[in-house]
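These protein sequences, in sequence, are chains A and B.
If you use the numbering used here, the first sequence closes out at 394, no skipped numbers anywhere.
If you use the numbering used here, the second sequence closes out at 487, no skipped numbers anywhere.
It cannot be assumed that every hint is accurate.
[Claimed, not checked] Simulated pairs of lysine to aspartate or glutamate, DMTMM-like, Cα-Cα distance not exceeding 20 Å:
id, chain 1, residue 1, chain 2, residue 2
1, A, Lys109, B, Asp363
2, A, Lys367, B, Asp212
3, A, Lys109, A, Glu168
4, A, Lys109, B, Glu400
5, B, Lys181, B, Asp426
6, B, Lys181, B, Glu400
7, B, Lys181, B, Glu427
8, B, Lys181, B, Asp374
9, A, Lys367, B, Glu361
Derived from the structure by calculation, the hints contain no laboratory data.
Source: prediction; values computed, not measured.
Listed below are the residues making up each chain.
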Amino acid sequence: MSGAAGTPGAGGAPAAPDTGGGPGTPGAGGAAGIPGAGWRRADGAPAQGRERRRRGGRRGGARDGDPVVEEAAFTSYYGRPVIKPPVWKQPDVPLYLFLGGAAGTSAAIGALADATGRPALARAGHSVAAAGALTSVGYLIHDLGRPERFLNMLRVLKVTSPLSVGSYVLAPFSALTTATALAGQLGWFPRLRRVSGAVAGVLGGPMTTYTAVLLANTAVPSWHTPYRELPYVFAGSAMAAGGGLTAALTPVGEAGPARRIAVAGAAIELGTMHRVEQGHGLVSEPYRIGRAGVLLRAARACTAAGVGLTLLGGRSRAAAVVGGSLLAAGSALTRFGVFDAGLTSAKDPKYTVAPQRERARTRDAAGEVTTPLS
Amino acid sequence: MTSISSLSAAFTGRDPDHQLFGPVPDRTGQSYEAVHPKRVGFFTDTSVCIGCKACEVACKEWNTLPMDDAHGQIDALGLSGESYDNTGMLGANSWRHVAFVEQSRAVDLPMPTVGLPGADAGTRPLQDPPVVHEGVPASATTAEQTDPQQTSSGDREIRWLMSSDVCKHCTHAACLDVCPTGSLFRTEFGTVVVQEDICNGCGYCVPACPYGVIDQRESDGRVFKCTLCYDRLTDGREPACASACPTQSIQFGDLDELQARADERLRALQDKGVEGARLYGRDEGDGVGGAGAFFLLLDEPEVYGLPPDPVVTTRDLPSMWRHAAAGAAMVLGLVAGAFAGRRR
Ligand code: SF4
Ligand code: SF4
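Chain B on its own, in the form it takes in the complex:
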């Protein structure tokens, strides 16, 4: 079990316990309670997402979030023109956001004299021209033909990527680190939650999050984000989005189990030759010490609007404090020096 403290090594400059970044050490047995719940999270497998937005609806209903448009404006309706995505982004009023990415790529049509390879005949309809893309193994493209999110027409292949985004519940959460009121806190489940009765709307957490998750609700003044359904967890129920997802694209559970399941799923997809499959937020050595909510993606993270290599800003805070202290000393020294000089 990993539990996380946001105690800081800021003034020492050394961080042997990885309190500011990196993999956190095992702290089993260090909790106040005799039995401590395990760290939970989400594994969002985007390869089976069908873009139904049931998660978005379930989240809004359970958490009674206000309606908003693709720019977070409350009580506004609007079509974004961005595929089927009219939610636009995660924000104070949308704690799940299904991204829709429409992609196409050119394929080289075979010369008429070239026959279909025998191995492909069974898996691909005859009117479908064989897909040969430079550098892409033929087996990969064959596997894609069984992917419902992908089709080919003429010399183009078209695919639709869908992914339900959510707060990552980072191991090293910048939002939590920078919150001056202690409103943001780490729960017993290893998740990150805002205490709305304490938040004073200073807004510091908003630009601190490397994923652009948490945001201020203008009409309210405070900030809001996914709580991983803290209220449901304490009652032993799974989060609303996970229970609403019809394809099990959103899987909820103990983080270590989810990680094992994700590794297995990635291997299976790679064995089938699905190109571009990768886990995002799974690596505990990454810039946020691994995410509590991690993803299986089919393309680069930035295609889905995710940062390719996020780093918790607090990693550099010890160095910042040292420079600030040196700067402050410089000011005091120069001021004193100015008085020590000539008298006039």
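Looking at chain A on its own, in the form it has when it is part of the complex:
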């Protein structure tokens, strides 16, 4: 963004006025010097009201002859979104993201607790992993338009589809964690249980991050653009939730590792999420405004409080329970917030058009016509 991108708009948001006219680059064969050869959308369309509001919101307003080009101006077709907003349902999909992550970390905790002789922590880890994995599968299937065809997910394996790869992680993971938890409860097959627990623990790693790729590998601007940070956000968030929940379910004497994992995860979640919320110009905006902004502020508060309680609560079981629950709540709220920010960025054509227009303009200016690179 250049020029007026830094000018505070009416809502404190960077101004990106929908001018309803040509956005400025003289296209192939276009008339040089005149944005869109001077064409504006004729008055009377419903989207015009929105445009005026936006334009009025810019400090100083625009005078005739002002270079519209410089102001991250964008055009849309009656304010309609350019891409289709995700049809994934709430709360199904955010909960699927949250539960899968919490289960992934818990499985790893369970396996290592088993190996290091912490039976209570192992039981907690296995139980959270199994419960989380099964509910997460449940939400995934419930979100399908044709739930009875859920097995089609395993019909092919495609590395280009994070949902396909994810299905091949989730399916064995949920089977193994369930088997491990059952064997643990019933005291059956102790050796086999360790093996299945260990394999589930290793699968727990990818369980925490594949969902970030699932969201990032779309045309949704606020999901795709921070694709380098989102896997770490989800990893940290999963550690905070898994560590917090297992710590809450374990006597404090055994829960030391879970507490350390939870605190480390929370720190990663807060740090990387900050970069998602601030580091990407216009497409970071949906993370700060509206419902997503509220959810993410609540997430930060819960996570910070949870870290405080976990660190300062000492050997109090009550502090561990409340702190762990707060960390889990913070993790869940983060997923809801990220999900919501994506929806916002998909529904407003501004977030799709303005960055693409900017990119095209930069490229044209560089005289390079092929290979688009961001």
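Dock chain B with the ligands against the given chain A, drawing on the hints supplied.
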């Protein structure tokens, strides 16, 4: 002939064959069949579109698509208030969508003492004030006077842009890449089609498409989009919309022929001084490796509701997988580290 594989170089990080983005290499002779059909597509020349919506109707009839309103709601009637467009958008039930854009621009009236330039006298009615717009060559505006979609009144010029939008049948189709069931596939004609008996309605393709084409039909659960009339192609017939178009705005054919025809048409329009004419989706070096259905537009793509610089999301997938793998390793490492520490 270009044929496309969605095999992935995701884990290598290198993509020498352009399997995830960029121009695909020639794969002639690599098909299972001895003779492989050529890649087909649409060239939609919006400069001759008259907005009759015959394509929309033909498509709905041939594919027995349900009636819907401008927001994709089935069995609803509604006027959108958006010019003559009550279809609103491409979706599960509208596989062709004619966009209507009403535009106007101010023109500077000449001072009374300024006479009409002689060259213009024959081409413009006398009561029509000469159009002089800063930076616009006079020849351009003269040519527009012969454009039926444009007229001037007083100090305003008014024009109507119409464009029939459709699935682009991308060379690198994000919808196809992300489909976990293999329901979306590449046909022998180089088009992208949903196998409705396999789709489980996971909805992943919907936000993956950079053009907002494919969508879920709520009452059905599955997703639907243009098939480029796969059923007609296999019988050697052209798609319903192309055969219904009365002005040949929608042209169907082998992609290489269409591309040559489009280049010629663009040159002709530019020679006549038509401003703003450009091809959209024609460039094989663009973010989706070029589109099977491409367009001649008269204004910026976003004016028609098209993304100005779409990029297939899978281009960045190798990097995403690497970050996800690093994140997963980080989790496992930190968990192990937490256990390696003090025992308490
Ligand atoms: S335009 Fe969208 S739906 Fe059509 S092939 Fe490309 S990605 Fe798929
Ligand atoms: S909704 Fe259907 S076509 Fe789309 S990605 Fe899912 S299974 Fe594939």
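Checking against the hints above, which ones are violated?
4
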